[in-house]
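This is what each chain is made of:
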Amino acid sequence: MTTRLVTAHAQGDAAQAAATLVDSLRSQLDGASPALVMFFASTDQPVEALAPALTEAFADAAVLGSSTAGEFTERGDAKRSVVAVAVAGDFVVHGGLGTALAASADEAVKAAVEGIPATVEGYPHRTGLLLLDPLAGNGEEATLITAAYLGDDIRLAGGAAGDDLAMKRTVVSYGARAEDDAIVAAVVFSKAPLGVGVCHGHRPISEPLEVTRAEGGVVHEVEGRPAWEIWAEHTREAAAAVGLDPDTLGEDEVGGFLLRYEAGLASGDEYKIRAPLSRNPDGSLGMACGIPQGARIRITESVPERQIESARTAAKRARAQLGTDAAGAIVFDCICRNLILSERFEQAVAGISEELGGVPLAGFETYGEIALDAGDLSGFHNTTTVVLAFPG
Amino acid sequence: MSDTTIDIDRLWKLLSHTVGQEKAELAVRSAANEIGLSRRPALTFDEALAVLEKVAETPGIVGVTARFAKSRLHLAAS
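Heads up: the sequence lines are chains A and B, in that order. The numbering of the first sequence is this note's numbering, which starts it at 1 and goes up by one. The numbering of the second sequence is this note's numbering, which starts it at 393 and goes up by one.
There's no promise every hint is true.
[Said to hold, decoys possible] Derived DSSO-like pairs: lysine-lysine, alpha-carbon spacing no greater than 30 Å straight-line: (1) A:Lys79 <-> A:Lys316; (2) A:Lys110 <-> A:Lys191; (3) A:Lys191 <-> A:Lys79; (4) B:Lys446 <-> A:Lys316; (5) B:Lys462 <-> B:Lys446; (6) B:Lys446 <-> B:Lys405; (7) A:Lys110 <-> A:Lys168; (8) A:Lys316 <-> B:Lys405; (9) A:Lys168 <-> A:Lys79; (10) B:Lys462 <-> B:Lys405; (11) B:Lys462 <-> A:Lys110; (12) B:Lys446 <-> A:Lys110.
[What the hints assert, rightly or not] Residues from chain B that face chain A, not an exhaustive set, calculated with beta carbons under 7 Å: (13) Thr410; (14) Gln413; (15) Gly452; (16) Ser463; (17) Arg464.
Keep in mind the hints are simulated off the structure, nothing from the lab. Note that the coordinates shown come from a computational prediction; the quantities given were computed from them, not determined experimentally. Quick reminder that beta carbons are idealized off the backbone N, C-alpha and C, glycines included.
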């Protein structure tokens with residue numbers, strides 16, 4: 001069966017937006033029944049309201065949802081809206097949702113994956129989808145534990161939910177159930193492999209700095225001083241070049257600022273990027289993924305050209321894994337890339353579609369991205385583009 | 393598998409993708425020291441697993457990563 005991947009975009013209140021999405025997807029599917037529907041919604045269209053409506057409309061599909069910091073399709077980037085993607089073809093999708101992620105990644109993941117079968121006859125390839133609440137602060141743990149539960153051959157793709165940079169509450173859904181402090185895991189069983197590509201475009205701007213006090217998802221001190229003090233000191237010059245001053249930021253501007261200047265952990269010749277999400281009153285930083293005490297980091301930044309090129313590279317990598325033409329893609333793209341690129345973000349999205357042959361795609365701006373190939377030793381990323389390509 | 397030898401540097405490199413190379417090296421060398429394997433240039437497969445098991449006792453991301461690295465080590469050796 002030929003894969004059909006269609007996308008839709010809607011604005012307005014949740015009920016109106018859900019109706020628009022259902023109508024648009026159904027008309028483009030032309031009678032085909034989707035195995036997978038994913039939607040990505042701003043805080044103006046609560047996931048709690050959209051999930052039941054879309055699940056009822058697409059009763060035979062696995063319906064996954066996430067709150068976002070921005071949404072896009074191949075037709076453009078938007079805010080304060082919702083996008084959806086439906087995939088019909090030779091796919092079977094099973095999934096689930098686990099809660100209390102902050103308290104125990106292990107228990108939450110176990111609950112999310114318990115209903116997923118190990119195999120589906122006639123569908124030899126498996127690709128995991130993950131959506132999670134990054135404010136739980138344990139994205140990497142949750143990703144590695146999911147990979148461990150699902151098996152060594154699994155390839156994972158996904159994203160950490162957003163909330164339009166409020167950094168207060170992020171929500172994910174499976175079926176009609178929507179929760180914060182939660183993780184959604186699903187497995188796409190397919191007859192041909194799906195492709196997952198990931199790439200980032202950051203570079204270090206500081207010397208190595210030691211994390212001298214950290215606990216869970218919070219970095220309290222770097223080099224023996226409150227983490228924010230160190231961040232402000234080491235980003236002041238780079239920020240001035242783009243008209244920003246860390247010393248005069250309003251509280252509502254701090255989250256966006258931190259996403260421009262993220263932490264890099266050295267791993268060979270590469271840097272694993274870790275995003276600070278919030279500044280706490282004591283000067284500590286809340287991270288999307290914990291950094292252990294004693295680790296040495298560098299503060300990083302990126303320039304627009306590198307961000308556009310890295311998106312294309314992610315798409316090329318995903319396409320290479322397909323081994324055939326792509327029908328379309330789901331994209332998980334860090335919100336910081338949108339902040340850096342501004343109006344040029346659409347150029348990056350267009351580049352992904354072009355690299356895949358001009359196909360439709362839908363995605364959202366995340367607080368963290370998930371990409372793990374069989375054999376990889378880390379799966380949670382920041383400041384990257386993750387492209388999940390479906391075979392045609 | 394028991395006759396496979398594993399350089400201790402390979403062990404901490406398994407963890408460095410997640411926790412950075414300095415923290416990974418410190419965690420692995422401390423664990424090896426604690427179980428009396430720090431002076432060995434290379435470890436048997438079982439000794440390498442024992443080191444990762446010791447690191448896996450660490451709370452949080454370091455411990456989770458060590459548990460995951462154990463499964464990857466098994467995979468690589470199989």
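Straight-line alpha-carbon gap Lys191 (chain A) to Lys79 (chain A), limit 30 Å: Roughly 35 Å between the alpha carbons, so the hint for Lys191 (chain A) and Lys79 (chain A) is violated.
Proposed interface contact between Arg464 (chain B) and chain A, which counts if any beta carbon pair is under 7 Å: holds (6 Å)
Hinted pair Lys110 (chain A) and Lys191 (chain A), Cα distance within 30 Å: holds (26 Å)
Straight-line alpha-carbon gap Lys446 (chain B) to Lys316 (chain A), limit 30 Å: Outside the cut-off at roughly 40 Å; violated.
Given pair status - Lys168 (chain A), Lys110 (chain A), alpha carbons within 30 Å: holds (25 Å)
Given pair status - Lys110 (chain A), Lys446 (chain B), alpha carbons within 30 Å: holds (24 Å)
Straight-line alpha-carbon gap Lys446 (chain B) to Lys405 (chain B), limit 30 Å: Measuring from Cα to Cα gives roughly 16 Å; hence the hint holds.
Proposed proximity, Lys79 (chain A) with Lys168 (chain A) (alpha carbon, max 30 Å): Measuring from Cα to Cα gives roughly 18 Å; hence the hint holds.
Pair hint outcome, Lys79 (chain A) versus Lys316 (chain A) [Cα-Cα no greater than 30 Å]: holds (27 Å)
Restraint outcome when Ser463 (chain B) is required to lie within 7 Å of chain A by C-beta distance: holds (6 Å)
Proposed proximity, Lys405 (chain B) with Lys462 (chain B) (alpha carbon, max 30 Å): At roughly 12 Å apart (the allowed maximum being 30 Å), Lys405 (chain B) and Lys462 (chain B) satisfy the hint.
Pair hint outcome, Lys316 (chain A) versus Lys405 (chain B) [Cα-Cα no greater than 30 Å]: OK: Lys316 (chain A) and Lys405 (chain B) at ~27 Å, within 30 Å.
Consistency note: the structure conflicts with the earlier hints numbered 3 and 4.
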